[in-house]
Amino acid sequence: MNFVFPNELHVTWTVMIVLYPYITGLVAGAFIVSSLYHVFGCEELKPISRFSLASAFVFLLFATMPLLMHLGHAERAFNIMLTPHFTSAMAGFGYIYSTYTILVALEIWFVMRSDLIRRTRDSGFLPWICKVIVLFNYRDTPETRNADHRIAKVLAGVGIPLACLLHGYVGFLFGSIKANPWWATPLMFVIFIFSAIVSGISVLIFHYFIVSKINRWKVDGPCVRSLAQYLWAFMIVAVALEGMELLSIIYEQTEATDVLSLLIRTKLFWSYVVLQFFICSLVPFFMLGITSLFKLSDRIAFKMIWVSSCLLLAQVLLMRWNVVIGGQLLSKSLRGFTSYMPGIWEKEGLITAGVILTLPFVILYVFHCIVSLFPDAEKESLPTHGV
Amino acid sequence: MNIRPDYRHAYPVLAMLIALVTVGLTVRYLLVPETFGEYGYYRAAAMDDEKAIQPRHVGRAACLECHDDIAAIHAKDVHSSVECETCHGIGDKHVKDSSSPMSPADTREDCLVCHRQMDSRPGSFPQVDLEKHYKFVGVKDPSIACVKCHSGHEPLYLSKDLHSARLHPLIQQCNSCHIGRTDETLKKPDMHPKIFQCDYCHADLAKSFAKGSHAKVSCTACHLFIKDNAFSGRIVRNTNPKFCLLCHQKSAFKETAGKDNAAPPVIDWPAHITDVSADTPDPKRPCVECHQDQIHALYTKEAHHAM
Numbered sequence: 010m011n012f013v014f015p016n017e018l019h020v021t022w023t024v025m026i027v028l029y030p031y032i033t034g035l036v037a038g039a040f041i042v043s044s045l046y047h048v049f050g051c052e053e054l055k056p057i058s059r060f061s062l063a064s065a066f067v068f069l070l071f072a073t074m075p076l077l078m079h080l081g082h083a084e085r086a087f088n089i090m091l092t093p094h095f096t097s098a099m100a101g102f103g104y105i106y107s108t109y110t111i112l113v114a115l116e117i118w119f120v121m122r123s124d125l126i127r128r129t130r131d132s133g134f135l136p137w138i139c140k141v142i143v144l145f146n147y148r149d150t151p152e153t154r155n156a157d158h159r160i161a162k163v164l165a166g167v168g169i170p171l172a173c174l175l176h177g178y179v180g181f182l183f184g185s186i187k188a189n190p191w192w193a194t195p196l197m198f199v200i201f202i203f204s205a206i207v208s209g210i211s212v213l214i215f216h217y218f219i220v221s222k223i224n225r226w227k228v229d230g231p232c233v234r235s236l237a238q239y240l241w242a243f244m245i246v247a248v249a250l251e252g253m254e255l256l257s258i259i260y261e262q263t264e265a266t267d268v269l270s271l272l273i274r275t276k277l278f279w280s281y282v283v284l285q286f287f288i289c290s291l292v293p294f295f296m297l298g299i300t301s302l303f304k305l306s307d308r309i310a311f312k313m314i315w316v317s318s319c320l321l322l323a324q325v326l327l328m329r330w331n332v333v334i335g336g337q338l339l340s341k342s343l344r345g346f347t348s349y350m351p352g353i354w355e356k357e358g359l360i361t362a363g364v365i366l367t368l369p370f371v372i373l374y375v376f377h378c379i380v381s382l383f384p385d386a387e388k389e390s391l392p393t394h395g396v
Numbered sequence: 328m329n330i331r332p333d334y335r336h337a338y339p340v341l342a343m344l345i346a347l348v349t350v351g352l353t354v355r356y357l358l359v360p361e362t363f364g365e366y367g368y369y370r371a372a373a374m375d376d377e378k379a380i381q382p383r384h385v386g387r388a389a390c391l392e393c394h395d396d397i398a399a400i401h402a403k404d405v406h407s408s409v410e411c412e413t414c415h416g417i418g419d420k421h422v423k424d425s426s427s428p429m430s431p432a433d434t435r436e437d438c439l440v441c442h443r444q445m446d447s448r449p450g451s452f453p454q455v456d457l458e459k460h461y462k463f464v465g466v467k468d469p470s471i472a473c474v475k476c477h478s479g480h481e482p483l484y485l486s487k488d489l490h491s492a493r494l495h496p497l498i499q500q501c502n503s504c505h506i507g508r509t510d511e512t513l514k515k516p517d518m519h520p521k522i523f524q525c526d527y528c529h530a531d532l533a534k535s536f537a538k539g540s541h542a543k544v545s546c547t548a549c550h551l552f553i554k555d556n557a558f559s560g561r562i563v564r565n566t567n568p569k570f571c572l573l574c575h576q577k578s579a580f581k582e583t584a585g586k587d588n589a590a591p592p593v594i595d596w597p598a599h600i601t602d603v604s605a606d607t608p609d610p611k612r613p614c615v616e617c618h619q620d621q622i623h624a625l626y627t628k629e630a631h632h633a634m
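Which chain is which? The protein sequence lines are A and B, in order. Taking our numbering, the leading residue of the first sequence gets 10, the next gets one more, and so forth. Taking our numbering, the leading residue of the second sequence gets 328, the next gets one more, and so forth.
To be clear, the hints were calculated from the coordinates, so they are not data collected in a lab. Keep in mind that a hint or two might mislead.
[Unchecked claim] Taking lysine-lysine and the DSSO-like style, the derived pairs with C-alpha atoms no more than 30 Å apart in a straight line are: (1) A:Lys341 / B:Lys554; (2) A:Lys55 / A:Lys140; (3) B:Lys459 / B:Lys534; (4) A:Lys276 / B:Lys577; (5) B:Lys543 / B:Lys554; (6) B:Lys487 / B:Lys423; (7) B:Lys459 / B:Lys403; (8) A:Lys187 / A:Lys341; (9) A:Lys276 / B:Lys403; (10) B:Lys577 / B:Lys459; (11) B:Lys543 / B:Lys462; (12) A:Lys276 / B:Lys487.
[What the hints assert, rightly or not] Negatives, chain A to chain B, calculated, CB over 10 Å: (13) Glu17; (14) Leu18; (15) Ile111; (16) Leu115; (17) Phe119; (18) Asp131; (19) Pro151; (20) Phe278; (21) Tyr374; (22) Ser381.
Fair warning: this is a prediction, and the values are worked out from it, not measured in the lab. For glycine and all other residues, C-beta sits at the position ideal for the given N, C-alpha and C.
Model the full structure from these sequences, guided by the hints.
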């Protein structure tokens with residue numbers, strides 16, 4: 010059995026469209042971690058609160074880049090915002106994304122204003138950039154800081170539903186396509202939000218350990234252990250939801266069940282069953298469970314947490330792949346599959362994907378050069394016992 | 328100590344936000360086309376723009392005015408429904424000025440636009456897996472263009488006009504019923520309807536054919552069947568020597584049949600005619616006049632009766 014309609018043979022949504030929800034998810038997840046400190050007062054997350062906020066902003070800057078790379082005429086993308094229509098789901102995303110970007114930029118401005126003003130006292134190009142950023146207003150008093158703190162808290166509070174909306178909306182873009190049985194489920198919104206949080210926390214842990222190792226900073230134990238617990242909790246919910254989606258497909262026994270079963274058993278066997286579920290979900294589940302439930306030494310626990318974060322980063326990327334590509338492999342005839350293998354050097358190939366995934370980290374480094382993202386760690390500067 | 332917040336430094340930020348919204352709305356006002364939304368959710372003036380564009384395709388009739396000889400050949404063969412400009416490119420400049428050259432599609436990729444084997448194409452549409460096809464006909468060089476053997480005007484060199492060929496009840500191929508490609512070498516189940524198979528009516532010929540050197544070629548390769556409707560079509564017994572030469576003509580890019588390869592035997596054409604015959608050389612003389620026994624027995628008593 011293999012039949013596909015002529016317009017289905019070519020997979021139009023490439024690896025770029027896999028990266029789009031992935032990077033958007035990193036944004037939403039990182040922002041929620043920063044809000045845990047700024048709004049909900051989780052003090053143990055203070056060492057990475059700025060880092061998480063900056064990460065959210067930097068990933069946000071690159072969230073739409075894969076989409077623009079995918080388009081033949083990227084400049085036309087902005088037309089959806091000029092003449093939006095209710096039938097265009099992407100127009101809605103444009104507005105949510107723009108609002109959220111402004112909100113995160115403002116929050117960063119208010120959270121880091123004092124540090125930016127201190128930086129303006131130095132000489133050179135970067136301090137001059139800081140002067141521009143603070144709009145040449147150098148008033149830094151307890152009263153202004155109090156105002157900054159209050160405004161940042163309100164923005165962080167407003168940002169949480171917006172972050173959920175942003176990523177839930179990406180899930181909606183797929184979940185609302187009723188013609189595709191692999192996508193069309195109301196669970197898609199929720200799955201995307203939780204997997205976003207998982208990937209966001211994972212990228213923070215992953216990056217925090219690497220930065221600490223490079224700079225020989227002491228890894229903050231309570232912060233990392235707390236993050237690991239949050240990660241464990243959110244990954245359980247995310248994976249359980251993904252499992253429940255699968256259960257619905259199997260139990261409902263619709264006309265698409267047979268072909269979806271075949272899709273999972275053949276085309277997506279390795280990426281979905283083996284890698285996403287068994288290796289990248291079960292292994293971190295047990296490892297994070299052990300680090301959360303048992304008292305392990307920092308050395309061992311940190312290693313397990315870091316490996317788990319790497320696996321969960323891969324898990325979410327695989328989940329995006331399996332959703333985006335998997336849904337397109339399936340013919341609407343429900344009687345066949347096409348195939349897809351990304352190129353390496355092409356416009357929407359793996360090299361481009363790698364560059365897009367790497368650039369946020371480069372920008373984050375530039376960000377760190379302007380304003381320290383780890384002020385506490387830099388003050389201490391003790392040898393690490395991390396990974 | 329309770330510190331009163333001082334919000335004054337935030338005022339420029341607020342002003343910038345208001346400015347941003349204002350600029351956004353102004354840009355929208357300036358960029359949205361004037362006639363947008365007049366009739367529907369599109370620019371109404373776009374219709375006038377489209378109407379003002381002159382067609383660049385001239386159509387078959389314009390080509391016929393000068394190239395009626397080619398058109399006559401083209402009209403009888405399987406490509407008859409393909410417009411001239413599909414392969415030769417847009418003809419407006421050439422019609423206005425005959426010295427302006429056309430750009431005929433003669434590369435391998437040009438033909439494969441329609442004929443590449445794809446899961447998304449209807450099974451009855453002629454599709455080629457190049458690797459298999461070249462191996463089958465013994466082409467050594469995979470970069471050889473299809474037009475080296477097949478003329479775009481008459482790719483199968485039909486000996487009769489396809490459209491006036493005799494009617495024939497429905498012939499089905501496996502993929503007419505079975506979705507996707509099926510392996511024709513597999514044994515058919517006992518309950519399989521036999522009426523769709525050539526050997527159901529032409530058993531004697533099929534038996535003879537199965538013993539011959541052409542057994543690996545399907546009946547419809549030479550007895551070309553074009554489906555007219557759901558119940559019948561037209562069948563052309565192709566005896567044009569050029570058709571046989573598609574496989575059997577000697578050429579620099581073809582293998583010669585040998586023990587180690589399955590390439591078809593090749594001949595020098597048209598030298599072959601004078602080599603084997605003392606008659607007046609006639610390049611249109613059907614190969615089957617001499618080689619019929621190498622394909623299948625012709626009009627055996629039983630076969631003739633079955634027809």
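Between Lys276 (chain A) and Lys487 (chain B), is the straight-line Cα distance small enough, at 30 Å or below?
-> violated (47 Å)
Interface exclusion of Ile111 (chain A) relative to chain B, criterion Cβ beyond 10 Å | The claim breaks: Ile111 (chain A) does not keep its Cβ more than 10 Å from every Cβ of chain B (closest is about 7 Å).
Given pair status - Lys577 (chain B), Lys276 (chain A), alpha carbons within 30 Å = violated (44 Å)
Do the alpha carbons of Lys341 (chain A) and Lys554 (chain B) lie within 30 Å of each other, as the hint requires?
-> With a Cα-Cα distance of about 27 Å, the restraint between Lys341 (chain A) and Lys554 (chain B) holds, given a limit of 30 Å.
Between Lys459 (chain B) and Lys403 (chain B), is the straight-line Cα distance small enough, at 30 Å or below?
-> holds (28 Å)
Within a Cα-Cα threshold of 30 Å, do Lys543 (chain B) and Lys462 (chain B) meet the stated pairing?
-> Holds, at roughly 13 Å.
Holds or violated: Lys187 (chain A) with Lys341 (chain A), Cα cutoff 30 Å?
-> holds (11 Å)
Given the hint that Lys543 (chain B) pairs with Lys554 (chain B), does the C-alpha gap stay at or below 30 Å?
-> Given that 30 Å is the threshold and the Cα spacing comes to 23 Å, the pair holds.
Does Ser381 (chain A) really sit off the interface, with its C-beta more than 10 Å from all C-beta atoms of chain B?
-> Check passes; 21 Å lies beyond 10 Å.
Would the pair Lys459 (chain B) and Lys534 (chain B) pass a check requiring their Cα atoms to be no farther apart than 30 Å?
-> holds (26 Å)
Was Leu115 (chain A) rightly flagged as not at the interface, with every chain B Cβ beyond 10 Å?
-> violated (7 Å)
Closest CB-CB distance from Phe119 (chain A) to chain B, is it above 10 Å?
-> violated (8 Å)
When the structure is compared with the earlier hints, violations turn up for hints 4, 6, 9, 12, 13, 14, 15, 16, 17, 19 and for no others.
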